[in-house]
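Spelled out from the first residue to the last, the chains are:
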Amino acid sequence: MYLKILLIACLTLSPLQSLAADAEYGYPIPGSLEATIIGTPASLMPVFTGKMRTRPLVLEVLPGRKKPPVFFYDEGLRCNFAYQKQKAPLVFLIAGAGAGERSAKITSMMRALYEAGFHVITLPSPTHANFIISASRSGIPGDLTEDAADLYFAMEVAWEQVREEIEVSSFHLGGYSLGAAQAAFVAKLDEEQRIFDFRKVLMVNPPVSVYNSAIRIEELLNRIPGGSRKQGVFFNRMLSKFSEFYRYGNFAAINDEFLYAIYSERLFSQEETAGLIGLTYRINLAGMIFASDVITNSGYVVPKNRVLHSTSPLSDYFQVSTHISFFDYFNEYFYPYFQSRRPGLTKEALVASQTLKSIEGYLKSSNKFGLMANENDFILDKAEIDYLRRLFGERARIYPRGGHLGNLEYKDNVAYMVDFFKGQGVQP
Amino acid sequence: MMCVTRDKLCRIILTATVTFSLAGCAAIRGNTSAEVPARHTIDEFRDQRFAEVADPWERFNRGMYRFNYYFDKYLFIPVVNGYEFVTPDFIEERISGVYGNLGEVRNLANSVFQLKGKESVTTLGRFVTNSTIGLAGMFDPATKIGLKRRNQDFGKTLGYWGAASGPYLVLPILGPSSVRDTAGFATDSAITYGAYAAVAPFGDSPNMDRGITALGAVDARHQQDFRYYESGYPFEYNMVRFIYHEQREIESHKQLPETDQEPATSIFPAGGS
Chain S
51 MYLKILLIAC LTLSPLQSLA ADAEYGYPIP GSLEATIIGT PASLMPVFTG KMRTRPLVLE
111 VLPGRKKPPV FFYDEGLRCN FAYQKQKAPL VFLIAGAGAG ERSAKITSMM RALYEAGFHV
171 ITLPSPTHAN FIISASRSGI PGDLTEDAAD LYFAMEVAWE QVREEIEVSS FHLGGYSLGA
231 AQAAFVAKLD EEQRIFDFRK VLMVNPPVSV YNSAIRIEEL LNRIPGGSRK QGVFFNRMLS
291 KFSEFYRYGN FAAINDEFLY AIYSERLFSQ EETAGLIGLT YRINLAGMIF ASDVITNSGY
351 VVPKNRVLHS TSPLSDYFQV STHISFFDYF NEYFYPYFQS RRPGLTKEAL VASQTLKSIE
411 GYLKSSNKFG LMANENDFIL DKAEIDYLRR LFGERARIYP RGGHLGNLEY KDNVAYMVDF
471 FKGQGVQP
Chain D
224 MMCVTRDKLC RIILTATVTF SLAGCAAIRG NTSAEVPARH TIDEFRDQRF AEVADPWERF
284 NRGMYRFNYY FDKYLFIPVV NGYEFVTPDF IEERISGVYG NLGEVRNLAN SVFQLKGKES
344 VTTLGRFVTN STIGLAGMFD PATKIGLKRR NQDFGKTLGY WGAASGPYLV LPILGPSSVR
404 DTAGFATDSA ITYGAYAAVA PFGDSPNMDR GITALGAVDA RHQQDFRYYE SGYPFEYNMV
464 RFIYHEQREI ESHKQLPETD QEPATSIFPA GGS
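Chains as they are written, first to last, in this note's numbering: chain S, 51 to 478; chain D, 224 to 496.
Just to be clear, a hint being listed does not mean it is correct.
Dumping the calculated DSBU-like pairs for lysine-lysine here, alpha-carbon to alpha-carbon at most 30 Å [unchecked claim]:
#1 K296/D x K291/S
#2 K296/D x K117/S
#3 K296/D x K116/S
#4 K291/S x K371/D
#5 K296/D x K135/S
#6 K354/S x K116/S
#7 K407/S x K472/S
#8 K296/D x K155/S
#9 K397/S x K280/S
#10 K472/S x K135/S
#11 K354/S x K238/S
#12 K354/S x K117/S
#13 K291/S x K341/D
#14 K101/S x K367/D
#15 K101/S x K296/D
#16 K341/D x K371/D
Computed Cβ-Cβ distance ranges for the label pairs, DEER-style [claimed, not checked]:
#17 A154/S x M431/D: 39 to 47 Å
#18 A409/D x I448/S: 56 to 64 Å
#19 K116/S x G369/D: 54 to 62 Å
#20 L397/D x T396/S: 34 to 42 Å
#21 L298/D x E294/S: 38 to 46 Å
#22 E321/S x Y416/D: 47 to 55 Å
#23 L394/D x E444/S: 56 to 64 Å
#24 S390/S x Q446/D: 47 to 55 Å
#25 G443/S x M361/D: 53 to 61 Å
#26 Q446/D x P91/S: 22 to 30 Å
Please keep in mind that the hints were generated in silico from the structure rather than gathered at the bench. Ideal placement from N, C-alpha and C gives every residue a C-beta, glycine not left out.
Based on the sequences and whatever the hints tell you, model everything.
Given below as structure tokens:
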């Protein structure tokens, strides 16, 4: 929460009025990083008044899984389930990197689809600790093919759990960010297994190459003095800046008024804004690394064979895990694991398998797909945007701005998403 | 330099202690395999620690955090859910308003303790307006006429006058706190209890008092979205601790120390790239 406030706080660009450029698209925030942090102003979101019937699902996906005592609270894979009284299509939604089944973004997608008459089940990202502990068979997240298989299996278990309660006419699938890339791989698997026979699959702001996109996020942290190895110094400096600003301003509380003041006074520079996004990503990644290391007993950041308990202090592991970059994880942990299972696997081949390109024949030929992307999404470069445009052709809707997921809740985007699933979009 | 040496010494002692105690554990458990050092340890990074809070009683606190999780799960949240189920939203809001209005007594007392004249007048104005026109706080006309709520408590008052927060402390049921805020809470409870007694809408029936207190607790939990371990993030305890501490520090307007806080946050001692 605080971190989020801190992030919302570092709004650096000039206020909203300055941009009449792209007249027909009304999402107001021009900068990529700013849009990513600020998201959509509440007044530009659609208003939903109806009541949403939901209940949490806690699924035993891997019955034999031994859970270390430090994760005593993890009782199974957690999904969120919204159900209609009448017969309706069911949409599975996959959250983005590090996000849980109740993250703000996935919940707002769920809300919109529920309002439009769909049943919805949200799943945490395979990079979220809960998924690693309760649903990942290898315990080592990040491989699109394996994560998709785990997701598919988890969806089957979820479906078994609810099939008596609801009437389903057809199945759809959606995901945002990393979850969008995973959705593509899940859909491909479904072509073989045919359990759901997904009618439509929506990808929102996917990476084209997971590796390339991770590089771009890591680069944000390199803009701070001393680079990512000095992120602690950076964090503490930003924090003092934040609290001093509060102290001199006579604010009533850390509330919207205070945050707006930070925005209008441009408290944080462009580099600092980038650094804060990069740091948030690292804090997320740390949870993934730690959970994976503990569940596999790999001895990466926690000594091998050490048993952590519910009361064990974890601060040192937190500090260490946040200092591990995506490259460290990839080179020292992820790649060796896959290499040991598939001798002769090169790093280049592994990187290449984490791309949409690796299944482009399928993506090109299947007309069940829809794509939403933003021209200025900082996890993509120009060539990748062009690639998406070529790959998806008319099935792609590429917005001029919105950063990474910043316009996800903007009313036009929400309407497009709902229309896509309702069927005015692509027909199978 | 001195500091670093001492730090190193502490670390050696600490490591030795930890090793011995773990060796003890291993001996008790018998068949546990030997530990192998992790590939990455804290000694390789030369950076400040961040998002850290003094927490010498961490094991106790984590135990209490876990206790609260179970308390919530098996008792408190089911009761709150039952309350939400039987009570229409409109009534819930009115009840929250009444308790919020009683809380103004605490806000007022503490603005006065902090000698904040303007704020005290505002809070007094709010209390009078909402108690009368607002029907004992069921409605909030004060905000509409520009009298904004300023939450104050004795913990903040102590902080305002320079008392350090002291170690982090997780209280049973109430959750994250600090030594200072716990002392503050005791004082505030006395003030609030005094306010209840003064109003005494039901005379002095002890059962009624208990009922009012219990409803207040349910209402407070109802207004709070937080659920223990819901984030699923393995370092949730650390994050909650940091956020609680920092928000209190910032909102109590405590003077920051003049020098930068490196000794307090402690630097990783050893080398690295």
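Cross-check of the supplied hints:
1. K296/D x K291/S: Violated, at about 38 Å.
2. K296/D x K117/S: holds, 20 Å
3. K296/D x K116/S: holds, 23 Å
4. K291/S x K371/D: holds, 26 Å
5. K296/D x K135/S: Between K296/D and K135/S the Cα gap is close to 28 Å, so the pair holds against 30 Å.
6. K354/S x K116/S: Distance of about 16 Å is within 30 Å: holds.
7. K407/S x K472/S: Holds, at about 28 Å.
8. K296/D x K155/S: holds, 26 Å
9. K397/S x K280/S: holds, 28 Å
10. K472/S x K135/S: holds, 18 Å
11. K354/S x K238/S: violated, 37 Å
12. K354/S x K117/S: holds, 15 Å
13. K291/S x K341/D: Distance ~27 Å between K291/S and K341/D Cα, so the pair holds.
14. K101/S x K367/D: Between K101/S and K367/D the Cα gap is close to 28 Å, so the pair holds against 30 Å.
15. K101/S x K296/D: holds, 24 Å
16. K341/D x K371/D: Measuring from Cα to Cα gives roughly 12 Å; hence the hint holds.
17. A154/S x M431/D: 39 to 47 Å: holds, 41 Å
18. A409/D x I448/S: 56 to 64 Å: Holds - the Cβ-Cβ distance for A409/D and I448/S, about 59 Å, lies within 56 to 64 Å.
19. K116/S x G369/D: 54 to 62 Å: Since K116/S and G369/D have Cβ atoms about 60 Å apart, the given range 54 to 62 Å holds.
20. L397/D x T396/S: 34 to 42 Å: violated, 56 Å
21. L298/D x E294/S: 38 to 46 Å: holds, 42 Å
22. E321/S x Y416/D: 47 to 55 Å: holds, 52 Å
23. L394/D x E444/S: 56 to 64 Å: holds, 59 Å
24. S390/S x Q446/D: 47 to 55 Å: Check passed, 52 Å falls within 47 to 55 Å.
25. G443/S x M361/D: 53 to 61 Å: Holds, since G443/S and M361/D (Cβ atoms, about 59 Å apart) stay within the stated range.
26. Q446/D x P91/S: 22 to 30 Å: holds, 25 Å
Checked against the numbered hints above, the structure violates hints 1, 11 and 20; every other hint is satisfied.
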